[in-house]
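Residue numbers (the working numbering), protein chains in the order written: chain A, 763 to 946; chain B, 763 to 946.
These aren't lab readings, by the way, just hints derived from the structure by calculation. The reader is advised that the hints may include incorrect statements.
Since copy identity is lost for identical chains, a pair holds within one copy or between any two.
Listed next, the in silico DSBU-like pairs over lysine-lysine satisfying Cα-Cα at most 35 Å (straight line) [as the list claims (entries may be wrong)]:
| id | residue 1 | residue 2 |
| --- | --- | --- |
| 1 | K927 | K848 |
| 2 | K848 | K825 |
| 3 | K848 | K896 |
| 4 | K825 | K927 |
| 5 | K927 | K899 |
| 6 | K825 | K801 |
| 7 | K896 | K923 |
Number of protein chains: 2
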Amino acid sequence: MASPRRLAYFRAMPEVILYIAHSVDGFIADRDGGIGFLKPFDGWDFGYDAFYGRVDALVMGRKTYQDCRTFPEWPYRGRPVVVMTKGPPLDGDGLAVFDDRTPQEILIDLEHAGRRRVWVVGGGGPVRAFLDAKLLKRIILFQIPVILGNGAPLWPPGRRKVDLKLRRATTHLNGVVETEYEIG
Amino acid sequence: MASPRRLAYFRAMPEVILYIAHSVDGFIADRDGGIGFLKPFDGWDFGYDAFYGRVDALVMGRKTYQDCRTFPEWPYRGRPVVVMTKGPPLDGDGLAVFDDRTPQEILIDLEHAGRRRVWVVGGGGPVRAFLDAKLLKRIILFQIPVILGNGAPLWPPGRRKVDLKLRRATTHLNGVVETEYEIG
Numbered sequence: 763m764a765s766p767r768r769l770a771y772f773r774a775m776p777e778v779i780l781y782i783a784h785s786v787d788g789f790i791a792d793r794d795g796g797i798g799f800l801k802p803f804d805g806w807d808f809g810y811d812a813f814y815g816r817v818d819a820l821v822m823g824r825k826t827y828q829d830c831r832t833f834p835e836w837p838y839r840g841r842p843v844v845v846m847t848k849g850p851p852l853d854g855d856g857l858a859v860f861d862d863r864t865p866q867e868i869l870i871d872l873e874h875a876g877r878r879r880v881w882v883v884g885g886g887g888p889v890r891a892f893l894d895a896k897l898l899k900r901i902i903l904f905q906i907p908v909i910l911g912n913g914a915p916l917w918p919p920g921r922r923k924v925d926l927k928l929r930r931a932t933t934h935l936n937g938v939v940e941t942e943y944e945i946g
Numbered sequence: 763m764a765s766p767r768r769l770a771y772f773r774a775m776p777e778v779i780l781y782i783a784h785s786v787d788g789f790i791a792d793r794d795g796g797i798g799f800l801k802p803f804d805g806w807d808f809g810y811d812a813f814y815g816r817v818d819a820l821v822m823g824r825k826t827y828q829d830c831r832t833f834p835e836w837p838y839r840g841r842p843v844v845v846m847t848k849g850p851p852l853d854g855d856g857l858a859v860f861d862d863r864t865p866q867e868i869l870i871d872l873e874h875a876g877r878r879r880v881w882v883v884g885g886g887g888p889v890r891a892f893l894d895a896k897l898l899k900r901i902i903l904f905q906i907p908v909i910l911g912n913g914a915p916l917w918p919p920g921r922r923k924v925d926l927k928l929r930r931a932t933t934h935l936n937g938v939v940e941t942e943y944e945i946g
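Required output: the full structure, derived from the provided sequences and hints.
Structure follows, in structure tokens:
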């Protein structure tokens, strides 16, 4: 049994949330790394603003960061962004910090900085890392009505079976099915 | 433009339906080929009887057939069952026919036999084959609230992007999300 001190420690950890769109066959980008399959669903109100207003830090992989840098404007201004990468820092303009440490270490730092809700933006690498570290607590998925056939998987292979609790399922009129799950 | 004769031919082809349960990360069996993750949802009324009453032929892969043969009773008595396999026939007791031909050839035979609705039971091989042959018309998925990490994929890699139309999404109180898609 955990000691009260240990319990108190875990209760203070920020909630880590995955919030992501994927194809019916589980891809978050096509074989060329593109996200053109999301295009027909642009402009639809999926409740993103409300979600974004509730998170106070972002974590993403190197590839996701590079994709976001191709947008006309950096979409996450004002929010701390941690890029998980074993490689060297990609940019020095301060829009993100580059971190080669474990999910646990990153999360402890975010907790010390007073962050309460962390959005794991993608891709599969950080998702798997936070899931395996048992730090992922909430999963919000947007299933796009398309089969891509190949591409970047949302769920790279892992060893652990994880039971989920369905909290909510929402059918959007454009054919996107949104589900929200909690872990343990 | 297709000739009227050609249209009439296609209109006569049986409707091919995928109806299957999968984990959130897209597996239909765990790494040992087991389906224990479905066990907690046994006995729930997912509308299977109504669905089964509407199909009049079944197609499955070799592995799925072998799994079904381990059940105390053959679950598909009275329905023609085609097992797609490049290997030799597995059994001679007439519960299934073993067929090494293409989805198109199999479907034409079923049509000649007066079959109107064909259930692709699984696994990933036959699903991919019918999808690639543009013969899969309806997809009914039961998303089980679990992440398996590894196993037999519902969607083996393919080359073709396929747009789907969401027809229905149903949230079952045990946490299973059912979606029904049509293919153009």
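Do the hints match the structure? See the list:
no.	hint	in the structure
1	K927 with K848	within (33 Å within a copy, 40 Å between copies)
2	K848 with K825	within (12 Å within a copy, 41 Å between copies)
3	K848 with K896	within (21 Å within a copy, 43 Å between copies)
4	K825 with K927	both (30 Å within a copy, 30 Å between copies)
5	K927 with K899	both (10 Å within a copy, 31 Å between copies)
6	K825 with K801	within (19 Å within a copy, 38 Å between copies)
7	K896 with K923	both (11 Å within a copy, 34 Å between copies)
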